[in-house]
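J.: Let the sequences and hints guide you as you build the complete structure.
For the sequence shown, full-length UniProt numbering gives the first residue as 1, with consecutive numbering after it.
One or more of the hints may lead you astray.
Claimed, not checked - Distance ranges between label pairs, derived from CB positions: (1) 69 with 18: 27 to 33 Å; (2) 12 with 76: 35 to 41 Å; (3) 16 with 38: 35 to 41 Å; (4) 111 with 1: 39 to 45 Å; (5) 5 with 111: 41 to 47 Å; (6) 69 with 20: 35 to 41 Å; (7) 79 with 26: 20 to 26 Å; (8) 1 with 45: 54 to 60 Å; (9) 132 with 70: 24 to 30 Å.
What the hints assert, rightly or not - Pairs of lysine-lysine, DSBU-like flavour, derived with a Cα cap of 30 Å: (10) 40 with 130; (11) 126 with 11; (12) 40 with 135; (13) 130 with 20; (14) 130 with 11; (15) 40 with 11.
Simulated from the structure, these hints should not be mistaken for laboratory data. Built from N, CA and C at the ideal position, the CB exists for glycine as well.
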Amino acid sequence: MSLNFTFDDTKEFANTVEQKIAEFNWQRWEVSERLPLGLKLEDDNGDLLAGFSARTFGNWLQIDNLWVSETLRGQSIGDQLLAQAEAIAIERGCIYAILDTLNFQARPFYEARGYTLQWTQEAYPKTGCKYFMVKNLVP
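T.: What follows is the structure, given as structure tokens:
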């Protein structure tokens, strides 16, 4: 048998590899599902004003994205999104939350809401850094 590596940078291929890893993990992990958690705020025209995306699995809420339109920043929309998502995660049995944020993004926002820095990846992607943060949802 001849082995030939070929280049494939499509999203479909990346999704297939991710699915193969998930199938492997589910056979060995005590957690059998990851549930998506999405919240959005839209105006009367259906335009997105703010959004939150995450996953819950086992003890964890894994936050992927929290975004608020610049026109609404400073009006506690992010607070409300995060608080509602954390409440849903607690209802699902989560006791911790984890996220990452870049040095120019939202570290102070999350710290003000009880998240603590666990690890900093320096030189990311070149001169910045990426912060990995966690929070106990159930004190």
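J.: Work down the list of hints and note, for each, if the structure agrees.
T.: For each hint, the structure was consulted:
Taking 27 to 33 Å as the suggested C-beta distance range, the pair residue 69 and residue 18 conforms, at roughly 30 Å. Between residue 12 and residue 76 the C-beta distance comes to about 39 Å, which sits within the given range of 35 to 41 Å. Taking the beta carbon of each, residue 16 and residue 38 are about 23 Å apart, not inside 35 to 41 Å as hinted. Hint check: residue 111 to residue 1, Cβ distance near 54 Å, so the stated range 39 to 45 Å is violated.
Separation of residue 5 from residue 111 is about 44 Å and conforms to the stated range, judged on CB atoms against 41 to 47 Å. Distance hint for residue 69 and residue 20: a CB-CB separation of about 37 Å, consistent with the stated range 35 to 41 Å. The given range of 20 to 26 Å is broken by residue 79 and residue 26, whose C-beta atoms sit roughly 35 Å from each other. One distance hint, 54 to 60 Å for the beta-carbon pair residue 1 and residue 45, holds here, with the actual separation near 57 Å.
Residue 132 and residue 70 have their C-beta atoms about 26 Å apart, which keeps the hinted 24 to 30 Å range intact. Our distance criterion of 30 Å between C-alpha atoms is met by residue 40 and residue 130, whose separation comes to about 25 Å. The hinted pair formed by residue 126 and residue 11 meets the criterion: a straight-line CA distance of about 24 Å does not exceed 30 Å. At most 30 Å may separate the alpha-carbon atoms for a hinted pair to count; residue 40 and residue 135 meet this at roughly 22 Å.
For the given pair, residue 130 sits about 27 Å from residue 20 by alpha-carbon distance, which is consistent with the 30 Å threshold. Restraint check: the Cα-Cα separation between residue 130 and residue 11 comes to about 24 Å, which is no more than 30 Å; the hinted pair holds. Of the pairs offered as hints, the one joining residue 40 and residue 11 holds, with about 24 Å between alpha carbons and a cut-off of 30 Å not exceeded.
Consistency note: the structure conflicts with the earlier hints numbered 3, 4, 7.
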